[in-house]
Every structure is written in C-alpha cells, then in structure tokens.
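A.B. asks: Got chain A sorted already, so can you dock chain B onto it with the hints?
Top line first, the protein sequences correspond to chains A and B.
Residues 1 to 734, numbered by this note's numbering, are exactly what the first sequence covers, in order.
Residues 1 to 734, numbered by this note's numbering, are exactly what the second sequence covers, in order.
Since copy identity is lost for identical chains, a pair holds within one copy or between any two.
Distance condition first, Cα-Cα at most 27 Å in a straight line; then the derived DSSO-like pairs of lysine-lysine:
#, residue 1, residue 2
1, LYS106, LYS248
2, LYS301, LYS683
3, LYS69, LYS173
4, LYS203, LYS229
5, LYS173, LYS450
6, LYS102, LYS248
7, LYS69, LYS416
8, LYS69, LYS81
9, LYS416, LYS173
10, LYS203, LYS265
11, LYS69, LYS123
Derived from the structure by calculation, the hints contain no laboratory data.
Note that the structure is predicted; figures quoted are calculated from it, not measured.
The residues making up each chain are set out below.
Number of protein chains: 2
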Amino acid sequence: MKNFSVKRERSNVKSRIALLIISLFTSHFSLIGQQATWIWYPGDYEIWLSNQMQNRRTDRGTFFPVFWKVDNHYVLMDFHKVFDLKEPEEVSIYAEGQYNVKLDGKPFEGTPTRITVPAGRHKINIKVFCQEYVPAIYVKGKTIVSDGTWLTTFEDKEWIDETGKTSDISATKWLNAGYWDFNEPRRPPSKFKLPVTPQKAVKKEVNNNSILVDFGKETFGFVKLHGLKGRGNLTIYYGESKEEALSKDGAVTIDRLLINNSIAKDSVMPLSKAFRYVNIVREGTVSFADVSMLYEYADIKDKGSFTCNDEEINNIYDIAKYTLHLSTREFFIDGIKRDRWVWSGDAYQSYLMNYYLMNDNRTVTSTMYALRGKDPVTGHINTIMDYTFYWFLGIYDYYLYSGDKSFIQQNYDRMKSLMDYVLGRRNQHGLLEGLPGDWIFIDWAAGLSKKGEVSFEQLLFARSLETMALCAGIVNDKEGASQYQSLATELRKKLFDVYWNEQKQALVHSRIDGKQTDNVTRYSNMFSIFFDYFTEQQKQAVKQSVLLNNNIQKITTPYMRFYELEALCAMGEQNYVLREMKDYWGGMLKLGATSFWEEYNPAKKGAEHYAMYGREFGKSLCHAWGASPIYLLGKYYLGIKPTSAGYTTYLVEPNLGGLQWMQGKVPTPKENIELYVSKEQIKIRGAAGTGTLRIKSKTQPTGKNISVTAKGNDLYEITLLPGVEYVVNYSATL
Amino acid sequence: MKNFSVKRERSNVKSRIALLIISLFTSHFSLIGQQATWIWYPGDYEIWLSNQMQNRRTDRGTFFPVFWKVDNHYVLMDFHKVFDLKEPEEVSIYAEGQYNVKLDGKPFEGTPTRITVPAGRHKINIKVFCQEYVPAIYVKGKTIVSDGTWLTTFEDKEWIDETGKTSDISATKWLNAGYWDFNEPRRPPSKFKLPVTPQKAVKKEVNNNSILVDFGKETFGFVKLHGLKGRGNLTIYYGESKEEALSKDGAVTIDRLLINNSIAKDSVMPLSKAFRYVNIVREGTVSFADVSMLYEYADIKDKGSFTCNDEEINNIYDIAKYTLHLSTREFFIDGIKRDRWVWSGDAYQSYLMNYYLMNDNRTVTSTMYALRGKDPVTGHINTIMDYTFYWFLGIYDYYLYSGDKSFIQQNYDRMKSLMDYVLGRRNQHGLLEGLPGDWIFIDWAAGLSKKGEVSFEQLLFARSLETMALCAGIVNDKEGASQYQSLATELRKKLFDVYWNEQKQALVHSRIDGKQTDNVTRYSNMFSIFFDYFTEQQKQAVKQSVLLNNNIQKITTPYMRFYELEALCAMGEQNYVLREMKDYWGGMLKLGATSFWEEYNPAKKGAEHYAMYGREFGKSLCHAWGASPIYLLGKYYLGIKPTSAGYTTYLVEPNLGGLQWMQGKVPTPKENIELYVSKEQIKIRGAAGTGTLRIKSKTQPTGKNISVTAKGNDLYEITLLPGVEYVVNYSATL
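Chain A with its partners taken away, still in its complex shape (with noise of 0.2 Å):
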C-alpha cells in the first residue's frame, strides 16, 4: 500500500476518493501507482493461455484436444483512461497487435510508439487488434501507466453521425483491465513461458541399443539429449513407473524422432512430459552421450508449513507439497501425465490446498476465467454438472479466503449466465438430472448410477445458489440476491424432503420415477456435513450411518477421499482421520511413490496399481487431488480458517488428532498465522484480522498476553490480535 499513498498525495480530491473507495473494496489493485504492468481484457489471456496449454497434451505421440467447446479472445479491444496532469508528459505505448491511440477522441497519426500528454485533464484510447494472440497493451509515462485501473470493452460503440457529432457511449459495458505481472514492455504477454532448470538424471541403465534413465522421483519438463548424432529412429518412452518406460506398447507418452545430424548437437524435445523414467531406444547409427532434463515448474513461493513429532505424517505433507507444485502450472490442472487438462473438480480442490500452502490469488482466478470461458454456455464445465458447480463454490472460498471483490465484480455477468444456463435445466420438480451431454460424474467408483434425479448433485446445485446470492449482494443486484437465496431456500427444503430417509437416517442417493432409491452413498451425506446443512442430530446420525460405516461403497480415489476426511474432521474425528492418512497416503508412500496419485486401491498388487480406463499405464501417477493433507493438516488440525471474507475474522481451532506435537503457518490475504501447539502449550502470532483461539483444556488457560472466556463443557476462547504473539499454557483434553 505504500504506492497508494504517494498517489494519493498527487492526485485530486476527485480521484482520491475514487482511490479511497477502490482501497477499501478490493485487495486486487495493489498495482495502483507508478508500476507499469501489460493490460487486456479480463479473463482474454487466461482463456488463450489456457488454449496453449491443454492442447500440448499428446497420447502415444498424438496430439489430444479436450472434448468441450473452448473460446477464443476478442480480437478487437479498447482500452482507456482518463489522467490528470500538472505538467505535460511524454508516454511510451508498446501493444500486442495493430493499434491506434487517441487523445480526447482525436487520433494521432499512424501508429505512435511515444506520445506527448499535454498538462491537465485528458483521455487516452488504444485500440488493438490481434488475432494471434490477446491485444494487450503496455504504457509507461512518469505518471501515466498502464495497469489494472485502466478501462477496457470489446465494443466501444462511438459512431460518428452526419454531422460529424460522436455518438453517446454511455451503453458500453467497461470492465477493469485485466493483467499479472508482466511489467517489462519487452516481454508481453503472448512470449510468456514458465520458467524451468536443469535436472540431472540420478541412475542410467544401458542396454543394447536403449538407455534406462532414472531421475530419482516423479518430475516435469523436456528431455534433453546431450551430444546427439548419427542417423536413424530414436524413441523416448517415457514412464512414471519403470514399468511404464519399458513398455513400447503401454508407455502413454512417447517422442519418436528421425535423427540425421552429422556433428553432434544438443537437442531438447519439444513438449514438456510428466516421467521419473524415460527408456531411450535408438537405431541406426544414432548415438548421444547424456541425458538430462530441464524441470519445468511455477515459480510460486510457499507460505505455509506444517511439522510434527510424526516422520510418516511429515512426509506425506512433504509428498503432497510436491505433488500440488507439479500439477500448479499456468493453471492448476488434474495431473501431469494425463490429462494436462483444466478440471473444475480437481482445480477446486488445489484452490482450497492453496489457500494452506501457497495462497496464490492468481492461480486461482486465472484458473477459473479459463474454466469459464465465454458466452454462450453450450455446456456444463468440463461437459461435467458437478464440476459447473464446483466452479460456483470456488468463487465461494475465493472469496471467504482472499476477501477480494474485484474478480466476483468482473465475473458477475459470466457467473449469472452460468447460473441461467443451469436454471433452464431443472426438471418439472424444479431438480436436475442428467440431459443428454451432461455428465453426472461424482467420482470413478464401480456401478454408481446416474440416472434420474441424484442428491449429490441437488446438493452442489443449492450451495452454488447460495454462492449466487452472495456475489448478487456483493455486486449490489439487490433483486438478484433475494431471487437467488430463495432458490437456495427452496432447494435445501426440497433436498431434505426427497432425499432424507428416516428409516436409514441419510441421505439417498438418487430419485427415479419418483421414488427414492435404495442405495446410500457417502457423497451428499459428507457434503452436508461441512456445508452445514444436517442438524446437529442428523450428523451424529450420519457418522454412524454412512461414514463409519463400513456396508457403505468406499471411496478409492483421493478426490473424494479429500471430502470424507474433511466431514470426519468437521466432526471432531481427528484421531480417526489421522490413522487413514498414515494408511491411505502411507500406503502410496510404502509402494514407492514419489507423488500421490489419481486412485489407490490398497486391495491391488504390483503394476496393477498403474492401470486405469482399460489401459495398463492409464493411472496418473500425480495427480492433484491426491495432495489433500496440505488442506486438512491446515484446516483441521492447526485448525485455522477464517469466518468472515479476507480474515478479518478468523478461527483456530487446534486439534492434535493423536500427534504429540505440531507446528505450521498459515497464510492470510497480509501475513502468515505461525502456531505451534503440543498438549500442554499452544504459541501463536496472529496475523491482520481478528482471530479467536478456541480450545478444550481441563483446566483455566494461563500466558502471556491472553485473556480467556470460558465457554462452558471445557470450553475456552481467546481473541488474537494482528501481530502480538501469544503463549497459552492448558492441558488438553485429548
């Protein structure tokens, strides 16, 4: 915020107050003051971004698009903003593309690269077409720069009548420019690549015409061949298991190249692949004389931490960091073998692990304009109804973790069209179910029906109304918000009064025909628990109903894994939890793997473990949603998570779930809450916000800079302060 204030020293009254209003919204323009940074069109150059990088995904050396309708940019943009000067100043323009430049309405000639402001109050215009890439544009002055204040529309609508008089433009719809950090005029937007570094191979194993090579863990990026001559085939098999690499037939990724290089010359394929083996087969007279890889990553830094008295639990916590890195690239995606894709289901659940590791806003919203895409909505996400509504609860958490308005106020519109689109799919009992080219996912679990009208998707649908209620109000559609919550009321009403069976006292699975189906599965009775939408009673019921119980189909795949532990952990079932982290995620560890997976299934043997989709190396071998530790170590045993948007106001409720001791930070929109806690002593620094530690102790809480309310049944809570550090001796009672 210190720009801020030196802006506000310069600007006029006017202004200030523009300013003064923009601070206190949004944390979004923190890149308000003298920092030039490149401009587009909100949500333009994720969605090309996007199109960049799903398409690199290849299948046995074939080029393998995704299935859904994916959009393009606007290629026509303008961008504009109104400055005030107290002397004249000059100002360089660079754009991505072909473009004009205005000053008050008038243009200069040809296509200026440096214009001169004159002193007082003026309007710039660039307009830019581009059809390659997103047009974008950089501008640097002293004081005029380009930057996230500046004003952009796809249709400025300023016709010019018979008169010559310019038309009123007041119909334009004007969105915040959209950017990054690409502040160096230089390197836009479109050159932007992530960066990488070399890696060595830890082990070689050299056969007759092939080389076995061993880089010691899963990792990502580009073969390197060192020294490379001769002439004939050579294919790269690439495995994340050994298995995988030594199957000509199995491997999912290959490279096959035709060599004819009379001198030796390094060579670097050209798509970055996920292996921790690749098994080079040369023929002819092909020869190279090392092999190495340059790792390809996001440089995103992590904030929080967590440590305790147990090595396994350590490592599981490392092993997921590891895991949620590699597969947080330009974008979260679902893995890094397969399918290198964007996925609302498996993003929405790296956002939440963001939120305890790396809290990156940027990811996160980037993320979600790609998954978006544009008007018209042909489609769920994904072609997936869970995961359109994945996408409303990431906007949900979004807003609750990093307190930012601005992306909910540049989203509305694609958020209420979504919701339209949805809307016009209820059935006559104003409930979904699939339609043809929807797919009702819910998880890879043998024999699950989809068919008629499913809870688990009733159940997404009612909380993404409640996610729609309070973007209206934020947005300030006041109509909107009271249509949108009482859909929602509705919803929950009708939720329980299809689904809920007393006799087995759950939730159903589904409805055919108007009748209830026999089967109980986990997935809407764990929702309900941590979206809070089971009384008190019914969630006692439904631990034992359907949580611990052990007739109820399991769960084999760490994507709803993530959901069961949390609604164990909502329930204070942290001990239990912790045992089926040690077993689940201790149980990839024990078989040798280097990065959690898409499914595990304790039950198999071998490379079985590798098969998936009726192929024998299908499984991804890192997949992000095998990462969930990070979120529930956060979560629930530090226990912090905030009650009110940006942590203002937060909680801690910490839970040792059988761990002698632990430590960590979490991060918050401003700083890191550090806490270390063992069964006798909790510390912990609060970060911006107001906190409440909550505790269970035997006995009256003592320490420094504390002041304790009892709550009752051995209940006590302590209200923490940004920046003072507290040390709270109690003896717990667990």
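C.D. replies: Showing chain B alone in chain A's frame:
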C-alpha cells in the same frame, strides 16, 4: 449437376437416396462428388476473413477499426464423415492447425498425412486446433473427399468413463461443414487473397517535388512505384477527386514512407486503397521512374445485362455495374475509400443488385455470416437497429432468389438468438425504441428524428418476424413458425393502429409518449408499398400524399432513393422513375462521376460535393448503394422476379417506362432468362421453372410457341416453360 450423376452410379442404394434427398432440397451441395475442397465450421472462415478485411481501413495513415463487437473463430474443431468403401483407399490429409485423425474412434499415431481406410463402413474423424487461422481440413482419396457433406462441431463431448467406454454423443450439435472453392491442397483458406492485375496511369502531371497521377477513373488497388531510390520521406496522397489528392491536410487516405534505397527497386504499397488520383510528394533525394497500380478485384462474372435505346441509361447501367463490382470484394462492402466495412443496410442492397447482375450466392451468404457474427448478441448488427432487420430481410430475399434452404438450416439458431435479442428489447407496448447503445439510422437526412417509437423500425421488425416464421417452417420448427407468425400479425396490425393517420393519408414518422408525431416521412410509407402492407386504396393515397408530394422532406442519398424509386416502380410509375434516374444518376455523370456516390445533392456546387461528416473530403465517391439502377432496371423494367423460392415460378412483367426498346438477361439459379422488349414485340427464353409473362396489350398477342390467357383490362398472360423461346407480337398500351 454432372458430378452428381457420376457419383450416384457408384454409390449404394442408401446413400443414393440420401443424395437424392439432398439434391431435391438444396442446390448448395453441387460440390458433392469427387471434388475435394477445404472445409471449416460454417461461418467461421467468413468471420475470420472479415476481421482481416475490415481492419485494413486506415484514415490519415491511422489504423481505423470498427466500433462494434467482432467475433472470433472456434479454435478447436472436429470434422467427421462415415464412408462405405468397396475397396481399401489411400487418403491424403492436409490441415490448417495441429490435428489428429481417428478411424472408427481409434486415433492414428502422430500426425498422419496419409492414411489407408479399409473396405467397409468406416467413420473418419479429424480434430484440429488452430489459433491464428480457422481450423480447416482438406482430405483427398479416390472416393473419400472433404466437402460440404462432412459434419463438424466445436464440442464433440466424447468422454471416456473409467471402464474405457466412450460417451453417448447424441447431444452434440453437428452442422454441415462450410466451404468456398479452395480446391487446391497447397492453397489453404488462410492464404486466400483477391487477385490483382496491373493497370497504368492515363495522365501524369509532374511538378517540382511532386507528381499528380490520374488513373482515368475510380479504381482500387495497390500503388506501385517503379525504380524507387534515394533517401528521404515520400508521401502518397490518395484522392477520389483531384481536389482530394492535392489536399495534403484533407486527403482521407495517405501513405507515408521513409525511403533509403541505394539501388533502385520497385515498391508496392502494403494496403490496397481507393482512388482515381494519387499525388506523390517526395523529399530529399528520393526519386522513382514510374507509377502504376495493381488493380485488386473479386473475380465474379456478370450473368445479367441491360441495354436500351437510351444511351444515358446505358451509361448509368454501366457505371452502376462498375460501382457494384468495386464494392463487391471478399464481402459486399459499403464503399471502397471508406468505410471499407461490411454494413448490413448497405449489403442488403448489394444482395438485391447481385441477383440481377452476378447472382453470386457465395458473396451473399459470406456477407451474412460475417455480419451476424456469433452469440451472444450484445448489440445490433453494426450497432444499428434497422441493420439488424435488413439482415433478416436479406435471408428472406436470398431464399426467394436462390431457393437455397441449407443456409437457413445452418443459420437458424443464430437467427433465433438475434431475434430473441430484439424481442427482449420491446417496450411495454411491444414496440421498439432506441435504447442506450442502439443507433436508429434510417438514413443520412438533416434533422430526422430518431426519438420515441419510430414507425420505420416497427415496419422492418414486422417483416423480420415474417422472415422468422418462414424460416421456422423451413427447418420444421412448427412451434416457432406459429409463434413468429402471430407476433408478425399482431405487429402489422399495431403498425396501422398506431401510425396510420386518416387525415394525412399516411403513416406518420413516429410516436412519442403515446402520441403520434405530426411528421410524415417517406420511409415507412414507401416500404409499405413494396412490402404490400397497404391496401390498394392506401397505396394510391400514399403515392399522392407522400411519394409525389414535394412538401415531404426529400431524400438525398442513393441509399433511400433505391426504395423510393422501387415503391414508385411497384406502382407502375416507371416513366416517372426513368426521368428521376436520368436526373439523379445522370446528374452525377454530368459532374464527371466514374462511379456512383454515397450521397448526391444536386443543389451543391463543385468540390462541395466531396464534403460529408464535417470533413472536406469525407464523402465516398464509390458507394455500393449508388448502384441501384441495376436492380430497378432488372426487376421493374425487364420486370423479372421470382414468385416462389429459387425461380420455381416467376413473373415477367416488362415495362418500357418510356424507352423505345430494351433487352437484357436476368440470372436464375440455373440459367438466365433472356428478354427483348419493344412496343410491338417481346422475345423471351425462359429458364428452369415456370414463368408467367404478363403484358398489357391493346390487341390479343400472337406469336410463336405461345398460348395466351386474357385477364381483362387489356391484360394478358402467357406461360413460359424452361428453355423454350417465345416471340410475342402485341401492341403495348404504354
């Protein structure tokens, strides 16, 4: 149709029937057969190309793009077709973009350029990603070729479940692929450019540091400087008039070059421009040996023609033809100096003229694709309410003149969503008035009110609803057809309830705050005549009260003169219109016009004629809407028009309008109708379809091949059969 019969012999019964159906219902699929052609998603190439074209406009050397939303192509496209092969076939594949190829759902490894398709029934899918260009493919085997029978989609929704099963893709919307005539694999759509041919100047005036070059008439293309050398600035001032070329501050288009050639070389300007004159000003040591140009044109041949005994009319017809050809390029544009854009109201007139001259369906449909763009609709076409309606009217006429249903089938969804946009903007009375962002254009006319509910807009709205009803019927949307028809009926009734003024015997211009305004303008009155919305009595009244009434504001643009004269012709005033034509278009010729202008006001003098929009040379001197004599002479003098879609039936009702004789051709989808008319004899050769020759004669007509039906009031009708030549002797009543 020759290719078709060859194909039919080779194919099996089932596809024979399919082909038969296609051949019965559309004339669009004449490419069926062995001719491979580049194919794409329908409309996408047209949108892409129009973006390229429209962004070539410059003004004083400054890039001058449009001010409305322009759309972008889908970047990811799936194409497929099922083939039934008697024997295996080798197939070559070309694509614009990255692609994969599947046979019966199974991908080939890599990016095959040649595949073998085994005998039997097989489905070929090709999926293409391309950002810079429109994804397009070209496939060529012995019988397997890419053409308009392939299906295409932007969302195939083909997902694979955990057992490896693919999804039901019945929900995917497939359209027939789009194509032009790009039949060479090595000349893909993205490389398309209009042809050019060299042309020489007719006069050069060398001055001190400049040279004024006259190309003899309005032209369009790239200026070429021969033997350019030396060092310094060189500026080319383009002029449609000599005055403009000589006005360094006023010339609308210029090229500024910095020359640094030690060796003389030829230099062609990068952008094509409109001009008759160029004034080239050099500085420093710059010199050149000669100036010529490359004339750029759309290579579309004339099919229609008109000549008569009046040389002035023949001149008008010839200049109109040249005007229309100059402004018929990749698309029908408004004018060649400016705007060089595709404007719906302007294009609508070009469509109509086209039916009487080139009869080129491709340019009509491409222009309509480009204008419509894509969903969502965020504004009127070109921002103008009337221009949205002309788009609908254009479809009505296109179907009538071409009989092509496929364009309607491919476009019906976009027609519906555009009409939804319009319907959503009605006021509480069900009428349209300008909302923020709407441009109510009607015409360039001083002081023309655009306030309130303007009658002209409701009239076009009614006709558009009728078009929707017609097209809904064609695509078998029965519910839509009846809804649109009842909306149209209701609106037509309202038009008379609200605007007809008994005292004035005319439709008034508008209603403001529920009250008829006092003003009567020509627009809605003249359209109601040829839309046949008036009773015969109203027509006669309006002719006197409005059309021939000098107290009603005069029309000064050829744009609305088009409809004014059409209305008069529709009422049999060909003699009056002929005099008006000679006055108005003849007036421009007398002022030295070599193409017809955007606007002509006989009251102005000298270079005053070149001013418009508050600019000295703002007016365009070659504007498509100036070419209407082509239409009037074909439709109302030769008197030929279709009476059912595609000239299945048509009417020939010649009217000499004071001429001694006239002869000409009018194209139909299959052949030309050829006609000679004097006051004593008519010679005619009918095209496919059944025609009716209707003539007024003082005596019973006689002649070769004819069978005459008397209709009373000296009116006689003769049936015309395809390809037969008729000679009719009669005694004209006029």
